Amino acid sequence: MRPLKPHPIIQHFTQLVRMKDLPSAMNALSSLDNHGLRADPVAYADLVKLCIANRAVRQGRLVHLHIHADAVPPETFLDNNLLNMYVKFGLLDDARALFDAMPERNVVSWTTMVSAYARARASSEESVKLLNLMRRDGVAPNMFTYSSVLRAAVAAREPRMLGQIHCGAIKHGLESDVFVRSALIDAYAKSGDPGDGFRVFNEMETGDVFVWNSIIGGFAQNGRCDEALRLFVEMKRTGFRSSQATLTSALRACTGSARMEMGRQIHSHVVKFGSAAARDLILNNAVVDMYCKCGSTDEAGAAFARMRVRDVVSWSAMIAGLAQNGRSGDALELFELMRENGPRPNHVTMVGVLFACSHAGLVDEGRLYFDSMRTLFDVKPGREHYGCMVDLLGRAGRLNEALKLIEEMEIAPDGVIWRTLLGACKVHKNTSLAKRVAHRILELEPDDEGAYVLLSNTFAGARRWEGVEMVRGAMRDRGVKKRDPGCSWVEEEMRIHAFVAGDDSHPEMESIIGELNRLFSRIGDAGYVADAELALHDMEAEQREESMRYHSEKLAVAFAMTRAVAGKPIRVVKNLRTCGDCHAFAKMVSMVEGRDIVIRDAVRFHHFRGGACSCGDYW
DNA sequence: ATAGGGTTAG
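Numbering (the working numbering), first residue to last: 18 to 636.
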């Protein structure tokens with residue numbers, strides 16, 4: 018028997034859906050209803066998709082009613098389409114009601130719900146719960162299910178759950194799916210375990226650009242910048258073309274380790290080859306941030322100016338970058354420009370603004386911005402903003418006001434904010450407040466070496482050596498563990514030269530020491546005197562047993578001097594805060610050698626020029 | 001047929 022030709026009304030309906038004419042298709046749908054006709058499931062599915070594309074919630078519900086009105090046997094396929102529609106509309110409860118009412122659920126139905134809960138806020142537990150329920154229901158999860166549920170495992174902050182899901186994926190033979198693999202790598206990275214992700218990566222025989230992006234991004238996010246960049250190079254060598262996400266992650270790795278030369282190469286690659294990449298907002302934001310964090314606000318500003326579209330991230334990165342590099346006036350000017358014709362500032366922007374005020378000692382302006390944040394920009398002051406204010410007041414020597422502000426906070430102060438105040442005590446040599454503040458920090462973080470170090474250095478700065486001894490004794494008694502040794506590095510072409518005090522393994526150490534001695538003798542003539550006693554007691558200065566002549570920053574500066582190119586500043590990065598003697602050293606060298614030196618320490622930048630530092634000797 | 005993975009600012 019030949020199939021009957023569909024009824025003209027059905028034909029008309031199908032035609033309108035095909036033409037993506039939603040209003041007319043909806044009219045035709047009610048004709049179908051009136052005549053008790055039913056179209057092909059595919060046409061209904063296409064109509065549902067049309068509703069999704071047009072964000073037509075009301076029409077979507079009507080289609081739902083129509084599909085369910087007939088006495089025709091329900092189709093799981095169509096219900097799945099409706100599920101997807103409700104999910105795309107963000108109507109999770111409607112999706113769940115339909116899901117619960119479905120007479121049959123296949124792997125797509127389950128996966129749609131698992132994925133929906135995995136994406137939604139605060140429902141990751143439900144996502145994982147559904148995965149287990151579907152197994153109990155005898156429906157085997159597939160690669161779609163696993164790649165979705167991994168996101169939920171990250172959000173749930175349950176590393177054990179992540180391992181269990183990983184095991185399940187292996188059991189079902191799905192680990193080699195590129196989607197599952199990249200989701201696994203990313204999930205491990207986001208849970209702070211890029212090493213586990215790397216193991217998954219290494220078992221890979223054939224991958225795609227997403228898998229590479231996951232592992233490169235994973236290392237970059239976790240501060241393992243060298244590994245990220247090594248894989249970035251290897252990816253290109255293997256013949257994969259990098260995408261915007263690859264370049265963004267690679268740039269972030271350059272940002273983390275201050276590898277401006279490498280970052281600049283990636284940037285020029287972006288400009289030269291990728292018209293799409295060159296327009297990519299996120300990528301351009303990463304470029305701006307990279308130049309800022311490498312200490313070149315000029316290049317960051319140029320990249321920022323060339324951007325065709327800028328969002329709140331672009332502006333915030335540039336404002337904070339100027340502020341961190343000691344250009345507070347420019348940062349605040351840019352902020353005023355943003356208020357005039359940029360996006361609305363958010364809480365991150367305001368951190369940059371307050372940081373700029375604190376850096377420039379603009380107490381009144383900072384107060385004003387802080388007090389008006391809520392009314393002007395609808396930003397509630399958070400810990401970071403209070404931190405900036407404590408820094409601002411502390412720098413100005415208004416320690417008691419800073420203490421009062423902390424005590425008035427509506428959120429509980431954390432160790433970071435107390436440490437900021439402790440830093441201010443150190444600069445202003447207020448040992449009695451320092452003792453009280455250190456006590457507060459140790460209540461919160463009993464093993465925090467930073468508190469002991471700062472307190473000890475406060476005593477040392479006030480030349481109260483008995484206090485230094487007392488702190489050291491307390492550290493010994495409590496068995497506080499030592500932190501990472503200080504390390505400074507310099508980027509040259511495409512490689513890094515790293516220095517640790519007392520480590521003379523660099524092949525050019527002889528000429529570096531020669532250069533260092535030459536610098537000492539020149540700045541000595543200019544009046545530099547090492548404060549031997551202070552340096553001896555400075556706990557921030559790594560490996561005190563070594564002479565402070567050989568602190569890692571000094572080695573790095575001397576090395577960079579042997580390679581210096583006329584007109585180019587010397588750039589050094591340090592993993593900890595820079596010590597007072599090295600700071601004085603760099604100031605003097607910048608003066609007698611007539612060369613700019615930029616040191617990025619763990620918290621801020623120091624731009625040395627002509628014997629002065631952009632930080633105003635406060636850090 | 002319907003469901004899935006990577007990227008930016010403090």
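These are computed hints drawn from the structure, not numbers from a lab. Quantities reported herein were computed from a predicted structural model and do not represent experimental measurements. A few of these clues could be false.
As the list claims (entries may be wrong) - Ranges of calculated distance between the beta carbons of each label pair, as one might list FRET restraints: (1) T223 / L354: 29 to 39 Å; (2) T255 / Q282: 12 to 22 Å; (3) T255 / C184: 22 to 32 Å; (4) R356 / P40: 36 to 46 Å; (5) A322 / L82: 48 to 58 Å; (6) D315 / L393: 27 to 37 Å; (7) M487 / D431: 49 to 59 Å; (8) R356 / A114: 44 to 54 Å; (9) E462 / R356: 32 to 42 Å; (10) H523 / R325: 17 to 27 Å; (11) V288 / R356: 47 to 57 Å; (12) T255 / R580: 24 to 34 Å.
What the hints assert, rightly or not - Keeping only pairs whose Cα atoms sit at most 20 Å apart, straight-line, the calculated SDA-like set for lysine to any residue is: (13) K397 / N417; (14) K585 / E483; (15) K188 / G209; (16) K421 / G399; (17) K397 / K446; (18) K421 / D388; (19) K446 / G597; (20) K289 / F257; (21) K253 / G209; (22) K289 / Q238.
The beta carbon of each residue, even a glycine, is placed where N, CA and C say it ideally should be.
Going through the hints against the structure:
A hinted range of 29 to 39 Å for the beta carbons of T223 and L354 is inconsistent with their spacing of about 49 Å. Roughly 19 Å separates the CB atoms of T255 and Q282, a value that falls within the hinted 12 to 22 Å. The hinted window of 22 to 32 Å between T255 and C184 holds, with their beta carbons roughly 29 Å apart. Taken as a hint, the range 36 to 46 Å holds for the pair R356 and P40, whose Cβ atoms sit roughly 42 Å apart.
For the pair A322 and L82, the supplied restraint of 48 to 58 Å holds, since their beta-carbon distance comes to about 54 Å. Between D315 and L393, the C-beta spacing of about 30 Å keeps the proposed range 27 to 37 Å intact. A hinted range of 49 to 59 Å for the beta carbons of M487 and D431 is inconsistent with their spacing of about 26 Å. Range check, R356 to A114: Cβ separation about 46 Å, and the 44 to 54 Å hint holds.
As the Cβ distance of E462 to R356 is approximately 38 Å, the hint placing it in 32 to 42 Å holds. For the hinted restraint 17 to 27 Å between H523 and R325, the CB-CB distance of approximately 45 Å leaves it violated. A hinted range of 47 to 57 Å is violated for the C-beta pair V288 and R356, which are about 30 Å apart. At about 32 Å, the beta-carbon gap between T255 and R580 stays in the expected band of 24 to 34 Å.
For the suggested pair K397 and N417, the alpha carbons sit about 23 Å apart, so the restraint of at most 20 Å is broken. Taking the CA atoms of K585 and E483, the gap is about 45 Å. The hint is violated against a cut of 20 Å. For the suggested pair K188 and G209, the alpha carbons sit about 24 Å apart, so the restraint of at most 20 Å is broken. Distance restraint check for K421 and G399: the Cα-Cα separation of roughly 16 Å lies within the 20 Å cut-off, and the hinted pair is therefore satisfied.
Straight-line distance between C-alpha atoms of K397 and K446 comes to about 33 Å, which puts the hinted pair past the 20 Å bound. Our distance criterion of 20 Å between C-alpha atoms is met by K421 and D388, whose separation comes to about 15 Å. Between K446 and G597, the direct Cα distance comes to roughly 14 Å. Compliance with the 20 Å bound is thereby established for this hinted pair. Among the hinted pairs, K289 with F257 is consistent with the structure: their alpha-carbon atoms are about 18 Å apart, no more than 20 Å.
Using a Cα cut-off of 20 Å, the hinted pair K253 and G209 is violated, with the two alpha carbons roughly 26 Å apart. Our distance criterion of 20 Å between C-alpha atoms is broken by K289 and Q238, whose separation comes to about 26 Å.
Checked against the numbered hints given earlier, this structure breaks hints 1, 7, 10, 11, 13, 14, 15, 17, 21 and 22; the rest are met.
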